[in-house]
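Line order of the protein sequences matches chains A and B.
In case it helps, the numbering used here puts the first sequence at residues 1 to 276.
In case it helps, the numbering used here puts the second sequence at residues 1001 to 1290.
Among these hints, one or two may not hold up.
[Unchecked claim] Chain A is faced by these chain B residues, among others (derived, beta-carbon under 10 Å):
| id | residue |
| --- | --- |
| 1 | Ala1010 |
| 2 | Ile1023 |
| 3 | Leu1043 |
| 4 | Ser1044 |
| 5 | Pro1045 |
| 6 | Ile1090 |
| 7 | Val1098 |
| 8 | Arg1105 |
| 9 | Leu1134 |
| 10 | Trp1164 |
| 11 | Pro1246 |
[As the list claims (entries may be wrong)] Which residues of chain A face chain B? A partial, calculated answer using Cβ under 8 Å:
| id | residue |
| --- | --- |
| 12 | Ile24 |
| 13 | Ile32 |
| 14 | Thr38 |
| 15 | Pro47 |
| 16 | Leu50 |
| 17 | Ser51 |
| 18 | Ala93 |
| 19 | Met118 |
| 20 | Pro126 |
| 21 | Ser248 |
| 22 | Met250 |
| 23 | Leu256 |
If you're looking for bench data, these hints aren't it; they were derived computationally from the structure.
Since we're looking at a predicted model, the values are computed, not measured.
The beta carbon of each residue, even a glycine, is placed where N, CA and C say it ideally should be.
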Amino acid sequence: MARALSPRRLAVTTVAAWTVALIIFFPVLWMILTSFKTEASAVAMPPEFLSADWTLENYTEVWSRSDYPRFFWNSVVISVGSTLLGLLVAIPAAWAMAFVPGRKTKDLLMWMLSTKMMPAVAVMIPLYLLFQQLGLIDTKIGLVVALMLMNLPIIIWMLYTYFKEIPAEILEASRMDGATLWGEILYVLTPMALPGIASTMLLNIILAWNEAFWTIVLTTTKAAPLSAFIASFSAPQGLFYAKLSAASAMAILPILILGWFSQKQLVRGLTFGAVK
Amino acid sequence: MSTHSSRLAARMMVAPSVVLLLIWMVVPLAMTLYYSFRFYRLLSPDRTGWTGFTNYVWFFNSPDFWLALFNTLALVGGVLVITVVLGILIALLIDQPVKGQGMLRILVIAPFFVMPPVAASIWENLFMHPQNGLFSAVSRAFGAQPILFLEQYPMWSVIGIVSWEWLPFATLILLTALQSLSSEQLEAAEMDGASPFARFRYIILPHMTRAITVVILIQTIFLLGIFGEIFTTTQGGPGSASTTLPYMIFKQAIAAKDIGRAAAGGIIAVILANIVAYFLMRGLGRNLEN
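Please put together the full structure from these sequences, using the hints given.
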């Protein structure tokens, strides 16, 4: 609904919109600025903006702490692993529900979404005990499985929404040409569904990367990803503000960049196609 | 196009997901239900046995429980109101033909990608901290005492932090809906002399109903389980002032090591989520149908 505006109104709305956007973004910006200050400068009162002592030391120090790269690597393995595993299970299911819908398909989809509404704490103890029995506590594979199951309903829903938009006639045509079921999926459907699969993948990597319940409950040290590491990082009396900020910046930057590149598809994906 | 064999194949393709989700849901839920009727404390491993509804009774008699229930609903409700209202306003603003809209979207969506512990620790340390936070510096600049956010207004502070995280999501979905509104309709209304408020009330708002519905639905799913923000900032305190139901259960399991009570709390949380889901689906289902 963009309409032409007078130059004055354009200026006013531009200033207003940028002010609001900068306020929303400011906490992230302030954290990034703090991460480049010395510890003394980070807690200086009144706060230092341009006069601060700038340094890269926080980053080198956080990175060289032997455990930080491990937390980082755990985050990568767990978020990517759980997403790929989830796609493997979800793609056939979403395909079937989108192209061979039965009478119960809508109910089934609703039921799947309703499993997301079950509070995680409600099943925390049994899952902890089950994981303990299976020797999965504080292992990457354990978290991969847990986060895969946690996000599976969302993966299925998103894929279902994207697959629904592929015209069924194309599949019928390929079937007439004698394509087998798997051939159909592999050579006809997959190329058309690839953009949808890609944005589903991105969103779920982000959700898994940022997950902060199961990662805290199911890990101690060995398999803990960044979300568990940051949650336990206390800053007694502001002694480590700059280092905390550097660690935080490194924890969110990969996801922030990934998200910025794909924000349009992400927002649409998460509405399950209900908003266009 | 659904022959018998393709139908069978389709079932086989859905089956793994259904089985996995059933196991993920039913097995732990059955175990939780079982433990909730048992005496099971990790600190006194010798005493075990059935206790009937004792664990549930403890919850209902605990003043903390009613506070936690209230806090849980206040968190979900508060964040929904703030994000939807501000989201609509910001979406209306950004939807104007402003300079650099692409960059604006990038700035606005950023908080959505910040993981909960980081979001919580930014606000706790860099902003709300009574000595070193930016807010206290602002208070002092005006000669006022710094506000003790997390000590005096813990629940409001948590609601504020979570709202900041979810505002981008609400804003961008509402913006997407707004951009699909045809300008002709608005111009016609304008020429007929409709006031800006009337245009908003009778054209823009009805157009956004579906988007608002989606925002409420998706956010409620995530907000009912909010945990990391409280774990990082207030730890449910001071006292139990910012303890939500999930956090109260977590405390029973981890701090008190009372598995039976935590399990009973878990079942109560499931029932609460079902009640919320029921009203949500009933109220919102209609909006999503067409």
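Report holds or violated for the interface hint on Pro47/A, using the least CB-CB distance to chain B and a cut-off of 8 Å.
holds, 5 Å
For the hint on Pro126/A, just tell me whether its beta-carbon gets within less than 8 Å of chain B.
holds, 4 Å
Per-residue hint verdict: Arg1105/B, partner chain A, C-beta under 10 Å:
Holds, because the Cβ-Cβ distance from Arg1105/B to chain A comes to roughly 6 Å (cut-off 10 Å).
With chain A as the partner, please determine if Val1098/B meets the hint condition of a C-beta pair closer than 10 Å.
Since chain A brings a Cβ to about 4 Å from Val1098/B, closer than 10 Å, the hint holds.
Proposed interface contact between Pro1045/B and chain A, which counts if any beta carbon pair is under 10 Å:
violated, 14 Å
Interface hint for Thr38/A, Cβ within 8 Å of any Cβ on chain B
violated, 14 Å
Can the hint on Ile24/A be confirmed by a CB-to-CB distance to chain B that is less than 8 Å?
holds, 5 Å
Can Trp1164/B be said to touch chain A, with a Cβ gap under 10 Å?
Since the shortest Cβ distance to chain A is 7 Å, the answer is holds.
Measuring from the C-beta of Leu256/A to each C-beta in chain B, is the shortest one below 8 Å?
At 5 Å from the nearest chain B Cβ, Leu256/A passes the 8 Å test, so the hint holds.
Cut-off 8 Å, beta-carbon criterion: hint that Met250/A touches chain B
violated, 10 Å
Can Met118/A be said to touch chain B, with a Cβ gap under 8 Å?
holds, 6 Å
Status of the Ile32/A interface restraint (C-beta, 8 Å, chain B)
Violated. Min distance 10 Å.
Against the hints set out earlier in the document, violations occur for numbers 3, 4, 5, 13, 14, 16, 17, 22.
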